[in-house]
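*Asks:* Just so you know, the sequences run in chain order X and P. Each residue of the first sequence is one higher than the one before, counting from 0 in numbering that gives the first Met the number 0. Each residue of the second sequence is one higher than the one before, counting from 0 in numbering that gives the first Met the number 0.
Keep in mind the hints are simulated off the structure, nothing from the lab. Fair warning: there could be bad hints in the mix.
Which copy is meant is left open, so a pair is good if it fits within one copy or across any two.
Under the rule of at most 20 Å between Cα atoms (straight-line distance), these lysine-lysine pairs were calculated in the PhoX-like manner [claimed, not checked]: (1) K35 / K135; (2) K374 / K35; (3) K275 / K418; (4) K135 / K275; (5) K157 / K15; (6) K420 / K311; (7) K311 / K279.
2 protein chains.
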Amino acid sequence: MFERPVYIERRQQLMKAVGSGLVLLTGNEDSSMNYKDNIYHFRQDSSFLYFTGIDRPNLFFLLDIDNNTETLFGNDLTIEEMVWTGYVAPLAEPAAACGISDVKPVSALPSLLERARQRSQQVHYLPPYRPETILKLEEWLSTPAVLLQENASVPLIKAIVAQRSIKSDAEIAEIEKGVNTTNRMQLKAMELAAEGITEYAIAGQLQGLAVSEGGQLSFPTILTVNGQYLHNHAGPTVLRNGQMVLCDCGAETAMHYAGDLTRTFPVSGSFTPKQKEVYKIVLAAYEAAVAFMKPGVLFRDVHFEACEQLVKGLQALGLMKGDVKEAVAQGAHALFFQCGLGHMLGMDVHDMENLGEAYVGYTDTLKKSTQFGLKSLRLGRALEPGFVVTVEPGLYFVPELIQAWEAEGKHTSFINYAKAKDYFDFGGIRIEDDYLVTSAGSRLLGEGLIRKPGF
Amino acid sequence: MFERPVYIERRQQLMKAVGSGLVLLTGNEDSSMNYKDNIYHFRQDSSFLYFTGIDRPNLFFLLDIDNNTETLFGNDLTIEEMVWTGYVAPLAEPAAACGISDVKPVSALPSLLERARQRSQQVHYLPPYRPETILKLEEWLSTPAVLLQENASVPLIKAIVAQRSIKSDAEIAEIEKGVNTTNRMQLKAMELAAEGITEYAIAGQLQGLAVSEGGQLSFPTILTVNGQYLHNHAGPTVLRNGQMVLCDCGAETAMHYAGDLTRTFPVSGSFTPKQKEVYKIVLAAYEAAVAFMKPGVLFRDVHFEACEQLVKGLQALGLMKGDVKEAVAQGAHALFFQCGLGHMLGMDVHDMENLGEAYVGYTDTLKKSTQFGLKSLRLGRALEPGFVVTVEPGLYFVPELIQAWEAEGKHTSFINYAKAKDYFDFGGIRIEDDYLVTSAGSRLLGEGLIRKPGF
Ligand SMILES: [Mn+2]
Ligand SMILES: [Mn+2]
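Input sequences plus hints: build the corresponding full structure.
*Replies:* See below:
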């Protein structure tokens, strides 16, 4: 946890921004694997953590803005329960540590929400993303599951996005801790990769490293010789010399801040000339994007800058042709770069994704495109100092997609389909780092990781 | 997956046992961590796996006994989706591999269930343990969440318990694979344990090992110097010489069969004389229990046999007194052994726990006790050849519990509370192995693991 005043100030700022009504923040529960009591590691809701710092399951926080009261709802364990779990401090202790003095059992919450409904006091809540939260809100707010998403509070979402988008120095330090663990995971992957080892043998070691440093993975590790598939997880595939490993992984610190890095490196230790050619294009796009980032610039334009670099490189290889800007405007490059350049990073690896990309990555006036490729750009809006973002250009040769586009005759004026066949067994390359937007431009987070492995 | 005939035969046996109506088996979905698309590793429902072998999310299986038809419900991915996930074979392929020829989209299921309801055809389903399953069944069966548990099908539960309780040779081989990985995890824990290292640094390495071998943990690792708490997970505590580490961990194989072993060993490499004394008592209870196991014997009686050994040992230490059998009958020993001797093991580490202990561990005539200690014995019924069970006696000195019992004056004729105070900082010791019940008695599963570390 951070110091008490941090949480008190965050909640005061939230109350001011939302203005009136009640704010209900739902903590997460334990998630069951194959029976109720066999659980995945607990992951608290990030907004709940942001405003309370309390990392325990089955808690609910109610902030009554109209009456200026704050209550934490949760149940203490009995001695018999602690025979199983070990000693757990009464909830009043962590509540006090974040400045909340009123603690009640969960059973007291439904009637309070019912009373609020009776006096037409608005209950602001966030869109639920876990089924257990949906089940609870259905009952407590007398709202059918299908309406819970659309009835979520836009003022609350906007207020939280405004606060969580700007990272404090203490938060940046935590993110850098996550990035540095992720650096060590990447180096371990490079060290272990060799002819004959399986993808999951490496991925297991990376997960072990993240957990050993007191955290968890910030997302399921993507570690694959089939890097053309964007989120292909590690599997039983055996590595062979000549192949490239795409490793996209991240550690989450004990305080739940994420790192997220990608490196692509050769199994044998050295890239082939053809691999090196493509790698250099991705690297040029990465460097152009980083140089382009500064406050006030739309991240969508940083994305376009990277796309143009990719197209230029693909033209040099004979894979694309025609006007560069026009190719990007029409989305032809998305055949080889099907996703966005990056996303916000914080407590969530795609920070605040549960609050909705329309609010996190876009604004009332800048809306997300529906064009293939651009519709997967999670962040489009103008950069501000204090934003933490990933920069992750890539080139991905997906035979199924190339064949489908060719069959449909898509973008034939920009794409050289005959040449594309030479890359059907190429795979994919991505380079990803995490940056803080500063008043001067941007700063790489963490100690830095080799960006030209295998050269 | 096993061979096709295995699944066909399992389903035929199930149809015969249930007799009539529809059987609905719900596969699991992906579970979200901090936003919808950031997921824990997928864990399929074990009964769904048992009857289909298909290890993918969002599937439902419907067996119409009355009309002798089988349908698998699930949706195939589009090419655009596979740009993200990598190639995923059409569902018809794994369906064929387990002998199911009829595959339909999930959207076709609700109307079929509705039609069954209209013609009063019974829909047998298992008690749901995940909230997403509850949400779906609520809607599809028009049954409110509160009634879903009690309306679950007892004939279906009993039929599945009867089948899954008896392990085939192929299943035993898989369990042994899980046990052998678990052996390696235990050896790694012993190797890493040393003054100055944290609990989670070791636990992370064990998890890494399980994942590296292609599986997962079968349950969250219990690795603690506070072994008196039965399910105390690894934390930031730093190990010190003089302490004991209780490590209760398990690997789950790629086919989702579990190992589950516990060893307690000294941080320094050697037990103190006092630790050795208590360890020998637990070991004697373990050996007595193993010798007692054979077909026809109630596991509850194996539990009592172990308890009596523990009481004898505790009497020798001056911690207990009075008639041994009477102490056990009254549950006085449960102050130091608060749980049961073991449980079934299979695809679930507490096998079939989601089907209900009343059916898995007990029978219509042998009911579970409500006495403290005995109520935590998950398995009581008569052993049969083919059962796989854990044997895990222990002694746990929980100061909070000892003080509570003393204050209540509980079992003062059996417990020497004055002496118990000498053990307030002792911790806990558990020894656990996995056994197959054979016609002759029982057989230790796996290659065997040192049972007297630190002697
Ligand atoms: Mn990323
Ligand atoms: Mn066990």
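*Asks:* Could you figure out if K135 and K275 sit no more than 20 Å apart (CA to CA) within one copy, between two copies, both or neither?
*Replies:* Classified as neither: same-chain Cα gap 53 Å, cross-chain 50 Å, threshold 20 Å.
*Asks:* Could you place K275 and K418 in one of the four classes (within, between, both, neither) given a Cα distance threshold of 20 Å?
*Replies:* within (18 Å within a copy, 73 Å between copies)
*Asks:* When Cα atoms must be at most 20 Å apart, do K157 and K15 count as within-copy, between-copy, both, or neither?
*Replies:* Within one copy only: 12 Å inside a chain, 57 Å across chains, cut-off 20 Å.
*Asks:* My question is about K420 and K311: at a cut-off of 20 Å on alpha-carbon distance, are they close within one copy, between copies, both, or neither?
*Replies:* The answer is within: 19 Å in one copy meets 20 Å, while 77 Å across copies does not.
*Asks:* When Cα atoms must be at most 20 Å apart, do K35 and K135 count as within-copy, between-copy, both, or neither?
*Replies:* both (17 Å within a copy, 17 Å between copies)
*Asks:* Classify it for me, K374 with K35: is the Cα-Cα distance of at most 20 Å met within a copy, between copies, both or neither?
*Replies:* Result: close only across copies, 18 Å inter versus 38 Å intra.
*Asks:* Is it within, between, both or neither when you check K311 against K279 at 20 Å Cα-Cα?
*Replies:* within (12 Å within a copy, 74 Å between copies)
Of the numbered hints stated above, the single one contradicted by the structure is hint 4.
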